Each structure stands twice: as C-alpha cells, then as structure tokens.
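J.: In case you want the letters, here they are:
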Amino acid sequence: MTREWTGEELAAAAERLVPGSVERVTPNACYLKPETLVQTFTALRDDPETDFKYLANLCGVDYWDRFEVVYHVHSFEKNHIGLYKAETRDRENPVLPSVVPVWYGAWIQENETYDMFGIRFEGHPNLKRMLLWDGFPGWPLRKDWLSMPGGLQPGLNEFSGVARRQEPPVRRYEQ
Amino acid sequence: MEGFGVTVAFWILAAFTLVAAAGVMVARNLLHAVLFLVLTFLGIAGFFVLLSAEFLAMAQVIIYVGAIAVLILFAILLTPRSGRQNSETRFALPATLLAICLAAVFIFVIFDADWSEVEEDPSLAASELGEALVSTWVVPFEIASVLLTAALVGAIMLVRSPEEEAEDALA
Amino acid sequence: MTTSFLATDNWWDLRDLSNLSGAILDALDKIAPQGVVYVAAPIIGFIGAFALFTLLSQLFIGVLGERKIIGRIQSRYGPNRVGPYGVLQPIADVLKLLTKEALTPSTADRLIMYSAPVVFVMPAILVWAVIPFGPNMIIADIPISLVYYLAVTSIPVLVTFMAGWSQDNKYSLFGSMRVVAMAISYEVPLVVSLLAIVVLTETLSLKEMVLWQDTYNIWLLLVQPLVLIIFFICASAELNRTPTDIAEAESEIVAGYLTEYSGMKWGLFYGMDIGYALAASAFAATVFFGGWTLFGLEEWVPPWIIFILKVWAFYFLFIWTRGTLPRLRIDQLMAFSWKYMLPIALVNLLVVCTERILWTDAFDGDKPFVYLFAIVNIALAIALVVGWARFVGYRPERTPSRPRLVREAGGYIPVSSVSGEGR
Amino acid sequence: MSSPIKSEPFVINVGPQHPSTHGVFRLKVTVDGEKVVDAEMIIGYLHRSMEKLAEERTYTQNIPFTDRTDYLSSMSNNLGYCLAVEKLAGIEVPERGQAIRVIMAELQRLASHCMAVGAFVNDTGAWQTPIMWLLRERERILDLFEMTCGARLTCNYMRIGGVAFDLPKDFVPQARKLIRDMPGFIDEVEGLLSENEIFVARSRDIAVIPPELAINASLTGPMLRGSGIAWDIRKADPYCGYEKYDFAIPIGYRGDAYDRFIVRLEEMRQSVRILEQALDGLPGGPHSTQVPLALRPPAGEAYARVEGPRGELGYYVVSDEGPSPFRFHIRPPSLINLSVLKEMTVGGTVADAIVALGSVDIVVGEIDR
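Top line first, the protein sequences correspond to chains E, A, C and V.
The opening position of the first sequence corresponds to residue 6 in the working numbering, with each subsequent residue numbered one higher.
The opening position of the second sequence corresponds to residue 148 in the working numbering, with each subsequent residue numbered one higher.
The opening position of the third sequence corresponds to residue -1 in the working numbering, with each subsequent residue numbered one higher.
The opening position of the fourth sequence corresponds to residue 264 in the working numbering, with each subsequent residue numbered one higher.
Be aware that one or more of the hints could be misleading.
Claimed, not checked - Subject to a maximum C-alpha distance of 20 Å in a straight line, what follows is the list of computed EDC-like cross-link-like pairs (lysine to aspartate or glutamate):
1) K315/V with D70/E
2) K498/V with E82/E
3) K148/E with D583/V
4) K291/V with E248/C
5) K148/E with E297/V
6) K350/V with D149/E
7) K291/V with D70/E
8) K498/V with E406/C
9) K365/C with E206/C
10) K133/E with D301/V
11) K90/E with D295/V
12) K168/C with D433/V
13) K291/V with D166/C
14) K507/V with E406/C
15) K350/V with D583/V
16) K148/E with E318/V
17) K315/V with D149/E
18) K133/E with E303/V
19) K298/V with E200/C
20) K350/V with E303/V
21) K365/C with D166/C
22) K605/V with D295/V
23) K148/E with E584/V
24) K148/E with E319/V
25) K168/C with E318/V
26) K498/V with E9/E
27) K291/V with D301/V
28) K440/V with E409/V
29) K298/V with E606/V
30) K83/E with D301/V
31) K440/V with E539/V
32) K168/C with D583/V
33) K168/C with E303/V
34) K83/E with E475/V
35) K337/C with E460/V
36) K148/E with E82/E
37) K83/E with E406/C
38) K440/V with D450/V
39) K298/V with D329/C
Just so you know, these hints were derived from the structure itself, not from any lab.
Quick caveat: nothing in here was measured; it's all calculated off a predicted structure.
Could you put the whole structure together from the sequences, leaning on the hints where they help?
T.: Here it is, written out as structure tokens:
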C-alpha cells in the first residue's frame, strides 16, 4: 500500500531540507512558500529519504479568496505519496513559480492550469492557452467566471459576441 | 524509309518534337519546361524507332525520360527559390541572336554536308550493338564510364557536410 | 515454332486466337485500301487483350478479388452487397466515381493536374503490347520487348511526380518526392538483375524467353531465384504496393500524391495502379514462370488461359503482402536497395556471366547443365543473401520479443539486473 | 550544421483531420526534408469543459462525464471517479461489488489495449489487418458490456458504493469462454507482429525514452513500464482487492516503441490471468452499498487513482459539503504522456513521428476533456 504522508511529516521534511520554506500545515497537506518553492521541491526530489521523484498530479483550485496549486508528489522506491500545495491570494495577477525545472512533465499540467485559472507560472518555457484558443475571455475554471466583466453569460449569442474580444481584465472578486 | 505511313509518321513526330521543344523555351514555369523537355525526348525516341533503332529508342526512354528528366526535376525542387514563374530577363535579346546564328550554322552544315545514302536495311540488333561497344568502341566506352564514376564521386563529395568529413577523417 | 502445337489454323480454333484475328485481317486486306491493315492489326490485338484479359482482370481480380481476399485475411467478408457475392461491386464503384464531384484546389496547376491521370493510363495500356499471351498472340513481337517493358514502366514515375507537384499540397509533394527518389533507386537493381536473365537466355525478347524455358523444360524461377526475389521487391516498390507504399503512406502523408484527387481522376490512378501490378505479374509470369507453357499441357488447354491463370497467381502475391506486412521507412527502403539488393544483383550477374561462358565454351551448351546451374544458383542465392547480411553487419533482432516480468512495484530496474519471470 | 546545400524547413500540419492522429489532434511538424526538427502539438478541438460542468452536477450525475473523457476505457474512468468519491465520503464497497469492478476494469483493459495495439500497428503501415483482428476480439468484450449494462462504449456502469446492476446470469460462462480464447488470440497477434522484421525495424529504437526522463516527465502506464520502471498502481497501491490476485508487471528493456507494444501485449495476458482468478473467486452478496442519491460528502479533498489502460488515471475531488464537487480534476494519462512528444519525435523522420505518436496511445477525448 502506498503510504500517504501527513501534513506534519511533509512539513518536517521540507523544513529539514530548506528551513523556512513551509507556510502552513493542514492535517493532510503542507503549504509551501512560493519564494522557495523550486528550491524546496528540488531538495525533496533529490533527498534519499523523501525521494519525491515523480510528480503525479498538478492542478489548481479556486477557493474564492485564494488560488491553490496542488502537487501530488510520489516516490517509486519508497512507495509513498505526499500532498504539497502552494497558494496565491492575488486574483488580479496570480503568479507562482514554475516547477518545470524540477519535474519536466509539469509543463503540460501547468499549461492547463494557466489555461483554466490564469495562474501565471514564472519560469515556464512556453506558457500559452493550451485547450482554449488564444484570446478566450476569462479563465473558465475560476468560480467567478460567469460574472466576469463583459456580460459573459451562458448562451451562444452573447458568448460568441464576446469571444472575439481580447482577454478582458479580470475584476477582483469581492466577498 | 519508304512508304506513305512512315512519311506521315515522320512529319507528325517532327511537328510534335518541334512544338515540344518550343514549349521548353517559351514556358515560364520551370516545371512545365521540364515536362515539355520530356515530350521532346519522347519525340526523339520516335525518330529512333523510324530509323529502325528500337534499342536506342528504348534506351532513350529509359535514360532520358526515366532518369535524366527526373534528375532535372529533383534539381529544380532542391534549388531554393528557383523561381517557379520566371519573368523576362535582359539576356532575352542576346540569347535570341545567338540562337539564330547557331541555327544558321546548323542549316548551312545540313545543306552543305555530303550525306551518304545507305541502301540496305540499317537495322541493328541489340547484340551487335553490345559487341561493338565492347570491341571496337571499348576505349570511349570505358572513358565514359570512368567519367561518370568521377562525376558520381564528385557529387557525393560536394554534398557532404563538414561533420561527415570529420567523422571520415577520424575513421 | 519449337513446340508441336496441336492447334489448327482454322479461325474458330480458340486455342490460338491469332487465327481469328488473322482471318479478320485477311478479309480486311481484300476490301480495304492498302495500309489499313497495319492500323487495324494493333487495334484488334488491343481490343482482344483488353476485353479478354485487362479489363476483366482489373475489375474482377484487381478490384473485387483484392478486396475479397484482403477481407478474408482481415476476417471480414469484403464487398458482398452489389450483385451475387458482390461481383458487381467494381461496376458500382466506377459508377460512383464517375458521378462524384471532382474537386480541384484553387492553387493547383490545372493543366498538369488534369493531364496526369490521362498520361498515367497510356503506359499502362502500352505495356500490354509486348506481353505474349500465346505463341502467336503478341500484339507487337519486337526483338527487344524486355527493354520496351522497362522503358514503358519508367514513365509512370514521372507522372506521379506531375500529379504530386501539381496539387500544391504539402502531403502530395512529400509523396511525389518519395516516389521519385525511391523509383530511381529501385530501377537500378531491377535492371541489373534482369540483365542476368538476358545473359543466360541470350535474348531480349519475352517470347524467346518463354521458348527458352520450354526448350530446357525448366522455369527461370528455378535457374534464377534471386532475380525473382529482387524483381518482386523492386516491382512492389515501383508500384507502391504495401511493404513499400511510402509514396501514398496512408498513416503518414494521408494519400501521398493522390491527396487532392477525387472522382474519376482518382479512379484512373487507382485502376491503373492495378493495371501496372497486373502488367508486372504478367511480366513475371512470362519471364519466371514459363509464360503460356505448362510442360506440354499448352497443347491441349488454350495457352492464353494458362498464361492468365499464372498472372493471377502471381498477382495473389501482391495481395498477400499487402494484407500482411507493415510499411518500411524511406531511409530503410533506400538502404535496402543500394546496400543489399544492388550488390547481390551484381554478384549474381557476375556468376551468371561465368556460367554462361562456361556453358557455351566448355560444355558446348549441353542441356543437362542448366539443371546443374539451377542447383548452383539456388544454393548461391541462399548463400549470397545470408552472407551479404553478415558482411554488412545485419543481425536479426536478438532482443527478446517478450517483456520482463516483475512481481513487485518499485523504481527503475536495469536490464542487466533481473531477467524477470521470462518465458 | 553548415551543410553546403541549404534546405529550408517546411511546416506540415498533421491533423486535425489526419488518418493517424486518432481523433482531432493536431501536430505541427517542422521538417527538414524527411527529418523532423520541431514538433508542436495543438489540442483542444474536443474540449468540453468537463471539469467546469462537473461543478454544477451532483456526484452521481458526474459518472457519465467520466465515460466520455477516455471513451475507449469508460469502465476504468468510472472506477477511478467512484473510488475518489468513496475515499472522500468514506463509503465501503461490498466484496462482490469490488470483484465485479475488477472484472470490468480488466475486460476494459483488454478492450482498450486491443484498440491501442491495433492503432499503433496501423500507424506503422500494416494495412489494417492487425487492427481488424483485434477489433474482432474487442467486439466480444463489448458484447459482454452490452449484456451487463446495455451500453458498449460509454458504459456508465460503476456507481458510488458499488456497481449499478448485478451481473446477468449468462455473464460468467460467456466471460470464461472469452478468456479461454484470449491467450491463443494474443499468441496469434504476437506471431503476426512480434517477430516481423519490418515491424521490428519500424518500431525498434524509435521514440526512445530513457528511464530518468520517463520518471521526470510524469509518464505513466505502458510508457513508464516500457522504459523499464516496475510501476503499477494495482501492485503499489492496490484498490478493489487487487492484492488478492496473482499477476506480474511487464517491463520493457530500452523504452522504445517496440517495448511499449510488447508491454501492452503482455499486459493483456496478465489481465486474462486476473480475470480467471476473479471469475473463479467471485463472491456472493450485494453488489452495491446504498448511497444517498444526493450525496454530500464531508468537506475535504481526495485524490484516488487507478491503473487505467493508459496509465495512472487520477481523480482529485474537493468537497465543500455541497451536493456537487467543489473542484473536480481529472489527471489524464494520455495528456501527460504527451509531454515528451517533442523528445520522441525530433530527430526522427516523419514516419517515425507517426509511430511515436501511435505508441503513446492517445485518446483525444481524454486529452481535451
């Protein structure tokens, strides 16, 4: 059975390798600071004890007040899995560092996350709209997508009228 | 070379070959010119048939149509920006004058030469041709083959990239 | 004539259809002005060959038979809706193609694109002029018919190039570049290998070759097995049949030089591809399988029927490879032609020349020696193929065709460390 | 690079409509002669925004969506999603339900690998014969699905807490008959292809992925195992009682297209082994637990993965105690396996690029979702 690391264990491992890299801890996940994200992941990947050589899953989640990027990291040799997260609270221009230098395969998942959430990954080699076309209005997997400026509503007529425009600026969502 | 049919065939072939040859000159599109050239080759093969030289005619088709024309096509395709639609050049007038002079020389030679007429059947079997090539004409034959081999080697040397040369030098 | 052919000269004797055409021409000579006969003779021959064989074979062997047989290979039925057992399917296909809209890309070179299918048809018909259907049933019995065959079949290469270039489509251009490069490469071993046959039989005429095989009671297939193999591979390369159909490789470049063709223009290419394959089969049946002869049986059965059956049997080989083999890559094909077939063909030519000189000078052309040569050449063919493969360093894949099996999940397992469960 | 003869690069669009892109997938290939110098994939033609749609529907209503992502292995997709929701809500599945799930997932793997191997061999140019043979066998598996749940392609058979219906009476004998014929049939395909000189020449040492790259680029499934990495979630993290079955993980030697092909064939054999054991030990009892239709799992998140035919198929579900998932993410193995597309194709010829693409075994419905 694959052992799932608890948030405390994950945080301890990250702190041991890169002190001061952990932002906060939940029971099953560990939030890493974006500034040291790449450094931490590199250390976690190369450390023989953690051995997180394999990035299983990378996706974004919109929690209304913040964006989270979820990293399920994995070790084949030790057969354990860990859940790291990084978050950004900037809705206008969310930026997180790219983990492509750590795991090459992340580029395609980061591209998808950018496409759906508009989270810009700094250091990504070729960040572009992957599934949607260039100039698609808004970021569809954000929770406030339908209330984004431009009167974006379900329905073909309004939608097709808006779609010709360039990306409208995203308004901050007020809770 | 007697008979009504042969004469008709000669004139048809002559017209065909000349029109095709004119097409080679007139065609603006380089590819079209090559295809006209192929037609010219085929017309000349027809002349060989009329002269009872079937083997030569077939060799003409195999070598000129099957190989040379294809090589020319390759050369055109491999030349970047060779100009599919060629416009007027400033060499048009000199070239025309040169062509007229050349044609005058040819016509003069044709009418001036003392053509010897052959009465018997000139048909030549392929085996006799082969024997002639390796007995009477063996030296020109061999020289031609050496020349072709040299051309082949030279072509290979020309297109080699520096990396390949370096590899060969090491080996 | 060397065979004791039992057919009579009566025009109704179907065992030799040349009697019939001869009777017609004689009658025509009496009523028509002089010279008409010369025009009428090839037309009658063409109509006879076309109605009896070419059209029939193209439609019912090339289209229907091929689809049926490939259908059976692929465990399905093949066409079976139009007519009993689907026999009318080719006619339905032609009707459909004729009524289909022929699209032309707006940037295409219309003159070349339209003329290419027409020009493609001409050599396919011209080839049949020198194929001997029977002892007297040759439309044009010229002494160099083998060279004629090679000359005529080199024209389609140019036509495929025209077709591919004229459409202004990248896939087509790719296809035509491939076909031109490949056809030139494969012409060389083909001609060199056929030269061995010419040296052995001392003739360039297909009819004489059949008579040679009849005289010595052996098929050239046995005397020159290597040449048959090389001929088959080269023919399938020039015809774009499956192991070498890189010019119209469906999975790579859509349809190669045929990408933009539709309707009957495509149909002409398709039909004439089959026509060329049939011509290659007819050539092989003539040169390697004894043509119209079948060890004396041709005196009782009409020889043209024997010939046609042989052609169909050889055509089956094309269908079979098409249904079975994957496609080679272009560089592999080129390497195969230049590195393998050409040297082997050259060595074979050398050996055959030696045999021929020995046979003529030392053994006075004794008949039994040809059987000795057959045995020697078969052994030589095997030795050459194996030896040359060794020499150029070819090894059949020694890596196992079964994966390693492990019981536990974990990280990377180097190849050397575990052989696995294996089988 | 400075060859005396300069040639211009040439861009060809392989797709969106192309015989060997397995759907509306577009590959922009820059070629120099026959050699590929750059390859870029352009996807999204089949994007149906499933992840967004799933946020508006209840947990049960989302099951049909998962059918339509990877339409060649709907059972495995259903299974992965149901496992994720069960993990989130803490639902136990009865023994029989688990066994049926295993049977269906393995049958689906057989069917999907039939398609994968057939399409791959078609890409190498074997003119439809292998794919026809393989489709013939796939038909029989789809017949079993039809018998069980009425659908052949998009089955929608798994439910949260078990499966939708119990197996029909005829199912077990028919399935036994199928798996009795299957090994012989796999041998037949192997005899046609594995030793075929042309096929080996076309796929050996094509699109090689070294093991380090395979791990670093998050490859999964036969792509990972072809590179020699023993990794199978059925072994490493067993679900649905896979630990009870005896089977092995096939791994390749060099990580080329041929290794992926033989790994897939061997996986079919192993699937047959699992099916035999599962059918022999099929327990009685209920096939499903009762789960409220409007399921409201406790707030939290769950990531469950199954070993789908194309690799690690993960579902990441976040709940906010609402009737529908707050976030529903699919980890698509086809898409992530494509992340090394450039590494596989650049440097080879166009024909190799097609073979490389075929050996990934993509399903565009899953790439675009």
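J.: Checking each numbered hint in turn, tell me which of them this model violates, lowest number first.
T.: Hints 5, 6, 7, 11, 12, 19, 20, 21, 25, 30, 32, 36 contradicted; others consistent.
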